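K.L.:
The chain contents come next:
There are 2 protein chains.
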Amino acid sequence: MTKVSEISEFDLIARLEAVLEQNVTPNAESKIQVAIGDDAAVIGNLDNLQVVTTDAMVDKVHFVSNEVDMRNLGWKSLAVNYSDIASMGCKPVYSVVTLGLRTDILVEQLENLYLGFSDLLNLYGGELVGGDIVKSDTFFISVTVVGSTDKSETMQRKTAVPGDVIAVTGALGCSNAGLKFLLNNNLEKSSHFYEAHYLPKPRIYEGINLLDMGIKTGIDISDGLLNDLKKICAASSVNATINLDSIPVHEELKLSFPDNFREMAVSGGEDYELLITGHESLIKYISDSTKMDLHIVGEIEIGSGNVNAVDNSGAQISITTGGWDHFTEN
Amino acid sequence: MTKVSEISEFDLIARLEAVLEQNVTPNAESKIQVAIGDDAAVIGNLDNLQVVTTDAMVDKVHFVSNEVDMRNLGWKSLAVNYSDIASMGCKPVYSVVTLGLRTDILVEQLENLYLGFSDLLNLYGGELVGGDIVKSDTFFISVTVVGSTDKSETMQRKTAVPGDVIAVTGALGCSNAGLKFLLNNNLEKSSHFYEAHYLPKPRIYEGINLLDMGIKTGIDISDGLLNDLKKICAASSVNATINLDSIPVHEELKLSFPDNFREMAVSGGEDYELLITGHESLIKYISDSTKMDLHIVGEIEIGSGNVNAVDNSGAQISITTGGWDHFTEN
Numbered sequence: 002m003t004k005v006s007e008i009s010e011f012d013l014i015a016r017l018e019a020v021l022e023q024n025v026t027p028n029a030e031s032k033i034q035v036a037i038g039d040d041a042a043v044i045g046n047l048d049n050l051q052v053v054t055t056d057a058m059v060d061k062v063h064f065v066s067n068e069v070d071m072r073n074l075g076w077k078s079l080a081v082n083y084s085d086i087a088s089m090g091c092k093p094v095y096s097v098v099t100l101g102l103r104t105d106i107l108v109e110q111l112e113n114l115y116l117g118f119s120d121l122l123n124l125y126g127g128e129l130v131g132g133d134i135v136k137s138d139t140f141f142i143s144v145t146v147v148g149s150t151d152k153s154e155t156m157q158r159k160t161a162v163p164g165d166v167i168a169v170t171g172a173l174g175c176s177n178a179g180l181k182f183l184l185n186n187n188l189e190k191s192s193h194f195y196e197a198h199y200l201p202k203p204r205i206y207e208g209i210n211l212l213d214m215g216i217k218t219g220i221d222i223s224d225g226l227l228n229d230l231k232k233i234c235a236a237s238s239v240n241a242t243i244n245l246d247s248i249p250v251h252e253e254l255k256l257s258f259p260d261n262f263r264e265m266a267v268s269g270g271e272d273y274e275l276l277i278t279g280h281e282s283l284i285k286y287i288s289d290s291t292k293m294d295l296h297i298v299g300e301i302e303i304g305s306g307n308v309n310a311v312d313n314s315g316a317q318i319s320i321t322t323g324g325w326d327h328f329t330e331n
Numbered sequence: 002m003t004k005v006s007e008i009s010e011f012d013l014i015a016r017l018e019a020v021l022e023q024n025v026t027p028n029a030e031s032k033i034q035v036a037i038g039d040d041a042a043v044i045g046n047l048d049n050l051q052v053v054t055t056d057a058m059v060d061k062v063h064f065v066s067n068e069v070d071m072r073n074l075g076w077k078s079l080a081v082n083y084s085d086i087a088s089m090g091c092k093p094v095y096s097v098v099t100l101g102l103r104t105d106i107l108v109e110q111l112e113n114l115y116l117g118f119s120d121l122l123n124l125y126g127g128e129l130v131g132g133d134i135v136k137s138d139t140f141f142i143s144v145t146v147v148g149s150t151d152k153s154e155t156m157q158r159k160t161a162v163p164g165d166v167i168a169v170t171g172a173l174g175c176s177n178a179g180l181k182f183l184l185n186n187n188l189e190k191s192s193h194f195y196e197a198h199y200l201p202k203p204r205i206y207e208g209i210n211l212l213d214m215g216i217k218t219g220i221d222i223s224d225g226l227l228n229d230l231k232k233i234c235a236a237s238s239v240n241a242t243i244n245l246d247s248i249p250v251h252e253e254l255k256l257s258f259p260d261n262f263r264e265m266a267v268s269g270g271e272d273y274e275l276l277i278t279g280h281e282s283l284i285k286y287i288s289d290s291t292k293m294d295l296h297i298v299g300e301i302e303i304g305s306g307n308v309n310a311v312d313n314s315g316a317q318i319s320i321t322t323g324g325w326d327h328f329t330e331n
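Same order as they appear, the protein sequences are chains G and S. Residue numbering for the first sequence follows our numbering, starting at 2 and increasing by one per position. Residue numbering for the second sequence follows our numbering, starting at 2 and increasing by one per position.
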């Protein structure tokens, strides 16, 4: 075992680069002309449009470095960025990663982190082309991903119109369940909730498919269904009504949280599923003609940014959004 | 005054976005189709090649948050990335910024930070299209910049060949002088050294010009002339000899440090000038035909990565590189 304080930055980068070389399947069509080892990476022309997103994960805020499996952390810190690329209907093309490192962190831990990156790159494509390593009293990982599409527009938040239905991919709430078990020191590695919390699957292929088939409006569910739907409503100047009984929920979530699985599904956060809107006929066509796990959960209405909830009987349900707001303390 | 803990993240981003709106001259030819306010920015096709670089600045490592002028910090944290884009001969196109924030940091401080970004964007172009704000026990700023060129290649490190001469833009060592005064609590705001240390000028226009006129090999001087020249020598498998008497040094540096201005100029670091190699005739032609402040300081020779130093008499000089290595403690 080697502490980062016992190795030069050059050697550290070389070791991390070696992890990628040994674990990432080479891309024969790569347009990366210069990657790690120069001041900046060089990328040949992307396709028609490119998108960029950046998200950081910080020790004691998003994870606890002494407890987290670094391979999971690598996966998740890149996956949450990939999810943003997916929400635009784009494919990931390249990423850069900045690590803020305490000197007591082990090189082997960072190699595991890069294995997590590798796992994701192998499954969803794109290349990690560089980054920066700095010393920091607080361990952090800052990731930037550039994606592209050959379409003339990406999915966005501002294009929802009254009459659209609202749909989500996958089932919601299981990442939140994982967090609850984690906070009670009761999260088993083999459980579905562990995977939902630590290894979220960015919906890259679904996003590309949805844009390709004509969906204009999308966001990823990182802050909870209600919070992210509110962002669509605000950007599009519309209202939304969600049918709580139609929200897809995993059987294990119902079994483990029979009293509040609905609340967890609408406001839990970190699901990284896609939330889209579109004509009901189009969404049903996509659902019928692809294997996509797509569920209609509500509709867009005339309004100015509000989200309402009903149940199957049509009765209005009062809901609180929960969700994240990192700075407001009261 | 408002602490970040007293304002929502949404409001904070809106305030920071407002600083940009109010301070950055709009670019009529902007290809940015979606900027702040969606999951990811959308950028129209760039030119022939694009480059990406990322560099972070961390409290207590690169600056001291209680002492630094945040507007200077904004300038510098973006400028060091722009310098990497300049070293490739590219123009900056777009940037994203991640802030890791302690809750006691003031919104007004961050607005000043963004004023520093604005100053640089106005002078050197490019757009700040998004980012992320996270809570962190350690304040940090992580910046990613994407640049482009319509040339078929960028400047690189690996293209130096024996017979090339070595040249630098500008004068060296003044940023290091600024740091020395700063560490002695003796750095005056009006001094040349203050500006050299806090407000380095990325050589964007020089870099574009140099690539345009046929220079193949370049790097920016962030770790000191000798250290960065070593990187060129290692990447190109060549040796280099520097004439210490030919290194451009500011008169004030000679006056303030008569005994060690040469050492500061070759190993001080953070000058953010460009270090290039090329045919002597080409470099003299560029120097004569442009207003660029370009100085020949040595030559490239057959070898395997070593850098030597001589004085005007041709006598070999023993030099230590100093420079940065963030993690090795002994």
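By construction, these hints were calculated from the structure, which means they are not laboratory data. Be aware that a few hints might be false.
Since the list can't tell identical chains apart, any single copy or any two copies may satisfy a pair.
[Said to hold, decoys possible] Simulated crosslink set (EDC-like; lysine to aspartate or glutamate; CA at most 16 Å straight-line): (1) K32 x E154; (2) K232 x D105; (3) K181 x E253; (4) K32 x D48; (5) K232 x D12.
In this text the structure is predicted, and so the values were computed from the model without any measurement.
K.L.:
Now tell me if each hint is right for this structure.
P.N.:
Hint-by-hint comparison with the structure:
In this assembly of identical chains, the alpha carbons of K32 and E154 lie at most 16 Å apart only when taken from different copies (13 Å versus 22 Å within one copy). Taking the shortest alpha-carbon separations for K232 and D105, neither the intra-copy value of 40 Å nor the inter-copy value of 28 Å comes in at or below 16 Å. Taking the shortest Cα distances, K181 and E253 sit within 16 Å of each other inside one copy (14 Å), while across copies they are farther apart (62 Å). Both within a single protomer and between protomers do K32 and D48 lie at most 16 Å apart by alpha-carbon distance, with minima of 11 Å and 14 Å respectively.
Proximity of K232 to D12 under the C-alpha cut-off of 16 Å is restricted to the inter-copy arrangement: shortest distance 14 Å between copies versus 44 Å within a copy.
In summary, the one numbered hint that this structure violates is 2.
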